[in-house]
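A.B. asks: In order, the protein sequence lines correspond to chains A and B. This note's numbering puts the first residue of the first sequence at 81, with every later residue one more than the last. This note's numbering puts the first residue of the second sequence at 2, with every later residue one more than the last.
It is worth saying that the hints were derived from the structure and are not from the lab. All values derive from a computational prediction rather than experimental measurement. Accuracy of the hints is not assured; some may be wrong.
Now the in silico label distances, taken between C-beta atoms and shown as ranges [as the list claims (entries may be wrong)]:
1. B/THR124 to A/GLU139: 24 to 32 Å
2. B/PRO97 to A/GLU141: 18 to 26 Å
3. B/THR52 to A/PRO85: 40 to 48 Å
Some chain B residues near chain A, calculated using beta-carbon distances under 7 Å [what the hints assert, rightly or not]:
4. ASN96
5. SER103
6. THR107
7. ALA109
8. MET110
9. GLY111
10. GLN114
11. ILE119
12. ARG120
13. VAL123
Just so you know, even glycine gets a beta-carbon here, dropped at the ideal spot from N, CA and C.
If you want the building blocks of each chain, they are given just below.
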Amino acid sequence: MTTSPIGQPRLRLPQQIRAGEVIEIRTLISHNMETGQRRDQAGATVPRDIIRSFTCRFEGEVVFSMELHPAVAANPYIAFPFRAERAGTLELTWTNDAGEERRLTQALRIT
Amino acid sequence: MTTASRLPRRTAFAASAGLLALSLQPRAAFANMEAATAAAIRRVTGERTPTEARITLRLPAIAENGNNVPLSVTVESPMTAADHIRAIHVFADKNPAPEIASFRLTPAMGRAQADTRIRLGVTQDVIALAETHDGNFLIARAEVRVTIGGCGG
Chain A
81 MTTSPIGQPR
91 LRLPQQIRAG
101 EVIEIRTLIS
111 HNMETGQRRD
121 QAGATVPRDI
131 IRSFTCRFEG
141 EVVFSMELHP
151 AVAANPYIAF
161 PFRAERAGTL
171 ELTWTNDAGE
181 ERRLTQALRI
191 T
Chain B
2 MTTASRLPRR
12 TAFAASAGLL
22 ALSLQPRAAF
32 ANMEAATAAA
42 IRRVTGERTP
52 TEARITLRLP
62 AIAENGNNVP
72 LSVTVESPMT
82 AADHIRAIHV
92 FADKNPAPEI
102 ASFRLTPAMG
112 RAQADTRIRL
122 GVTQDVIALA
132 ETHDGNFLIA
142 RAEVRVTIGG
152 CGG
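So that you can see chain A by itself, here it is in the shape it has in the complex (with noise of 0.2 Å):
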């Protein structure tokens, strides 16, 4: 049994941000999300194998953290809203049943 692959992790975040500014923080990464429910040609069923939890930190502190189940579509679309107090690092973090994780690192700057 494999894993499928946690693909290419994306971040979107306004052009500009002013601080004090509640901003919103949308990420996106490609993953099939196999629920477990489904069966193959052979009739046997495909085993669970989802993002199961993702985490968003800023300059170490988490912000926001998710746990996924099987009823979450496929190539886990998430949207949460951040204040921009001031400048620093994002850090994104997406697990599978595995334990495997992806991370996303992405500067925050204030205009």
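Take the given structure of chain A and dock chain B to it, following the hints.
C.D. replies: Only chain B this time, still in chain A's reference frame:
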């Protein structure tokens, strides 16, 4: 004379009926709910009864494709250290498993909101349950009519 005296009484009756409906709302949140969904919610709330207030659950009324249904939950909250929403849990009443996702929120967000895309196997209610900083619960539900199911298909 008799009609004039009757009218206010009717108004008073209507008003009391309205109050009754309001007081029954917490029960309505669990009305016609699958046992598995109610159990999943109680695993989060324990003995606390959720209140139907402050949550806005945005979903399409009709989803042509149950495999990818946009969901947005917003909760009215100042999101300060002293007063904020700690978590939002989302459930699907008639999916093979009721849990969809749990969002963990912090005051650093500035606003209590989370958006994602979900799978719904059949036409059903989606339920959002928010947990306040002091351990109270808020609940909202919305029905989505699913044309093509999103589980196992």
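A.B. asks: Determine for every hint whether it applies to the structure shown.
C.D. replies: These are the hints, each one checked on the structure:
1. Our hint of 24 to 32 Å for B/THR124 and A/GLU139 is violated, since their Cβ atoms are close to 44 Å apart.
2. Here the CB-CB span from B/PRO97 to A/GLU141 is close to 36 Å, at odds with the stated 18 to 26 Å.
3. A hinted range of 40 to 48 Å for the beta carbons of B/THR52 and A/PRO85 is consistent with their spacing of about 43 Å.
4. Given the 7 Å rule on beta carbons, the hint for B/ASN96 holds: about 5 Å separates it from the nearest Cβ of chain A.
5. Look at B/SER103: its Cβ gets to within about 4 Å of chain A, closer than 7 Å, so that hint holds up.
6. Satisfaction of the interface hint for B/THR107 is found here, the shortest Cβ-Cβ separation to chain A being roughly 6 Å, below the 7 Å cut-off.
7. With 7 Å as the threshold, the beta carbon of B/ALA109 comes within range of chain A, its nearest partner Cβ sitting at about 5 Å, so the hint holds.
8. The beta carbon of B/MET110 is positioned within 7 Å of a beta carbon in chain A (closest approach about 5 Å), and the interface hint is therefore held.
9. The beta carbon of B/GLY111 comes within 3 Å of a beta carbon in chain A, closer than 7 Å, and the hint placing it at the interface holds.
10. The beta carbon of B/GLN114 is positioned within 7 Å of a beta carbon in chain A (closest approach about 5 Å), and the interface hint is therefore held.
11. The restraint placing B/ILE119 at the interface with chain A holds, with a minimum CB-CB distance near 6 Å, inside the 7 Å limit.
12. Hint on B/ARG120 holds. Least Cβ distance to chain A is approximately 5 Å, under the 7 Å limit.
13. Using the Cβ-Cβ criterion of 7 Å, the hint placing B/VAL123 at the interface with chain A is not satisfied: the shortest such distance is roughly 12 Å.
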